[in-house]
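Model the full structure from these sequences, guided by the hints.
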Amino acid sequence: MQRGGRRRLPKASITGFPERAAPFDVGRPFDVGGGRDSDASLCSSRPSSAGGRPSSAASALLTDRSSQSAALRSVNAYLSSFSAPTSLRPPLPSGREITDVFRFILARLDWPLADLDDDLPALLRHLHCPIKLNRSALKAPGTPHAWPPLLSVLYWLVQLARVFDDLAPRTDTTSTNDFLLYVARSYSLFIGGDDDAVADLDDEYLRKAQHQATNATAAVEALEKQANGLEAKLRALTSGPSRRDSLERERAVLVEDVKKFQAVVDTWGWKVAAMESALGDWEKELEAKEKEIRRTCEENEELQKRIDAQTVNVRDAERMKRELQAVERDIAEAESGRNVLEEKAWELEAAVGRKLNEFEVLSEHCNQAIRKGSSPAEVLGTNYKTILKPALSALAEDTKKASVSKLEESINLQKQSRENAKMLEEKRDRLAALQFKIDDAESRLRLLKNEMEDYASKCAAEVEKMKEEFIAKEHQLCIVEKEAEEFLKNSERKLEDAVRESDEEVQMCARELLTLIDAVSEYKEYMESTISERKTDLSEVADAVSSLLTKLVISGC
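According to full-length UniProt numbering, the residues represented by the sequence shown are 1 to 557, in order.
List of simulated lysine to any residue pairs, SDA-like, C-alpha gap at most 20 Å: (1) Lys473 - Ala484; (2) Lys415 - Ser403; (3) Lys551 - Phe190; (4) Lys482 - Ala263; (5) Lys427 - Gly337; (6) Lys551 - Ser186; (7) Lys465 - Leu477.
The set of hints was computed from the structure by calculation and includes no laboratory data.
For clarity, every value in this text was computed on a predicted model and none was experimentally measured.
In structure tokens form, the structure reads like this:
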């Protein structure tokens, strides 16, 4: 298939395939996502996706699965657009399918090869293909280790074929015909000798060429501005926080709230368990109190029966009161007498103690004197009997009398004290019994009844209040749990929708931007090549015209 505007190479650089040159340097690496660099630094002055030199052969080799899938879809789309008789079946096509696709694409490029094993590597080197393809991969194209480089070469050739197809309609003969018409008219006017008309025609053609160049430059600048705007938009989308990030942060906040709420729920669960255990303890305590109240009631009933069984009238009560008063007076008198006796006993004990001390001192003196003397006469003197005997006799009589009187007095006091103590104990017992029967029983009964009623009512009120609070809190917890579950589900659904919409918008913007940048680059290269060709043709025509004028002048002379 021949296309207009393609020029043959002046000399065959390799053998085995037709001589032709690409309209640009086809050795630039390409990218699967749209044939451009992956860093999105999309300057309007960069070349298109098929031009330039590769930095390394590995940059164009499709090794990961996602890139291979995208490249395979692109190749199949190109084949289906031209209704090719074959296609590549994923994930690993057969060797025959790969060979047929190579022959179809090379036929589209007007480079039909008879022997792919020998001619295809030379053709790829001539086209500066960044992927190195060896013969072993071409001999066994259906193997897994040979598939990545073959797919990379196929994708590169498809990109090249698409560029050729895009450039084919634009390389018409309009500009060539205009230039030939201009040359013919200029030459005819020159032959006719009308130099002014030739100059006017040259000026008109130059103005037209400059106007076309200006229009092309304006179009390129407009496309560059649009590309810059899209680039700024893409930079803003990539640099700033995306909707997905904000939703992710919102989701993290919601998850944190859910965790806090779960912690609150757990805390309330622990509190409820503690309250239930406390309620069980209170119920046990209430049962113990009820048992004690029943026992007290039984005792009170027995006491009441005993009191009712006793017959006590007003006279007996008055007599009992008088007896109590008399007993109290007797107790007071007995206590005062006992105090007097205790004082006398203390005085007697003190006097006896003093006498004993005096006796001890005298005995010590006597013992010392006895040690010094050998006989009583030496110790006491010769007349000790006449001196001591009357004194000792008198002292003995006095001592006997005093001891007998003191003994009798102490015996009487002891008897009286025992009688008084016995009487006092009897009266105290009687008084305590009567006081317990009359006063304490009734007061205790009243107090116990009041305490029982108050405690029972208080416990019942607390139990009812705790039950109501527990039911209300349990209901509130159920409601809050349902609301939290619904809110979490709605938030997750909104997050998924927002993430999906954001991804779709980003992908759509990226595709539009990439398409526009490729179009701008291709159009810019096309205009540069067109302008350079026209300048070259114009310079050649000017040289030819000047040489022709020189020859005419020489021949005229």
